[in-house]
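S.K.: Each residue of the sequence shown is one higher than the one before, starting from 26 at the first, in the numbering used here.
Hints listed in this document are in silico derivations from the structure and should not be mistaken for laboratory results.
Each hint should be verified, as a subset may be incorrect.
Unchecked claim - Pairs of lysine to aspartate or glutamate residues, derived as EDC-like cross-links and limited to a Cα-Cα distance of at most 16 Å, are as follows: (1) K347 <-> E300; (2) K244 <-> E318; (3) K244 <-> D332; (4) K244 <-> E300; (5) K101 <-> E134.
Computed from a predicted structure; not experimentally measured.
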Amino acid sequence: MNSRCAERSHAFLTLSMAVSPEKTVGSLLKVFVPMVESVAILGGQGQLAFELQCLLAPDSGRSLSILGREDLDVTKAAQVDAVLSGIHPQIVINCAAQTQVDVAESTSENTFAINATGAGHVGRWCAANRAKLVYISTDHVFGQAIDRAHARPWRETDEPQPVSVYSRSKLAGEQATLEACPHSIVVRTCGLYGERPAKGKGNFVQTMLRLAQQRPVLKVVDDQWCTPSSAKDVAQAICSLLDDPEPFDPTTNLTSRIWHITNTGSTTWAQLAREIFSLQGFTTEVIPITTAEFNAPAHRPGYSVLDTSRFTQRYGELPSWKEALATYLQMLQRSE
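Given only the sequences and the hints, what does the whole structure look like? Please build it.
M.R.: Structure (structure tokens):
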């Protein structure tokens, strides 16, 4: 394990105890580190990939390959075959994605090439080589209009209705993965925030912290309900799935191989911003606005809270979004 990952793991557990002594992540989740010879993480420069790297770092003879776009272009089938055959992983975690939702609206061909066609290339290699495959997807696949008063969190069995280029491409990637590889699962998650090894790319929490230093008042969307989630918590949950053979059983139906994993509870982006500023002791004022007022190029779901009860019943519950946020902010302060 590299020193940065070791420091992060120790700091996370220490801060989890400080935030909620009776509810450490280890006690909430059955966290396993799969004892396999080789793991490959695609999209290796992202937040979730970094947290997975910290959990799955080489020890006991395990080989871990972190592959960024410069190492592996998933849109090229021949390159996928050559690179993966060269390292021959037993587990592939496909975090490779075009995740810039607004950019996707004007780059549809490239977005589908990465998120959908590329997912199929990876799935076919895994199928041919009997490797387990995890495809990371999004809450955005649930974009249908819904009456907030009668809303309930979306279950894995609910019918998706994507309404943006990004969300359609991710749903296509889910389908390509599950159909190509019988030993694959899909993990849908939401609003990830964590630490990236590469600088220059922020997340919502980091963006709010930066803007709060520049402006006394911020306008933030208040009519999109979701569950922003800690990348570290989600990574630990994925490790629980990896250690369990049942989720990868090729005899189960496709829907049974989809898992919803987020922190618990729900909020809006404006409420999240207020919580960030409150925890940091900032006086920044948050003015709530509507999605229409924000007027982004891509449509966002009004309600995309995911029902995680299936995962919780089998493996344990993740911390609430407020607990996870507090832990993350304290970690950022410690790393300054």
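S.K.: For every hint, state whether the structure bears it out.
M.R.: Quick rundown of the hints versus the structure:
1. K347 <-> E300: OK: K347 and E300 at ~8 Å, within 16 Å.
2. K244 <-> E318: Since the Cα atoms of K244 and E318 sit roughly 10 Å apart, the hinted pair holds (cutoff 16 Å).
3. K244 <-> D332: violated (29 Å)
4. K244 <-> E300: Distance ~15 Å between K244 and E300 Cα, so the pair holds.
5. K101 <-> E134: holds (14 Å)
Hint compliance for this structure: hint 3 is the single one not met.
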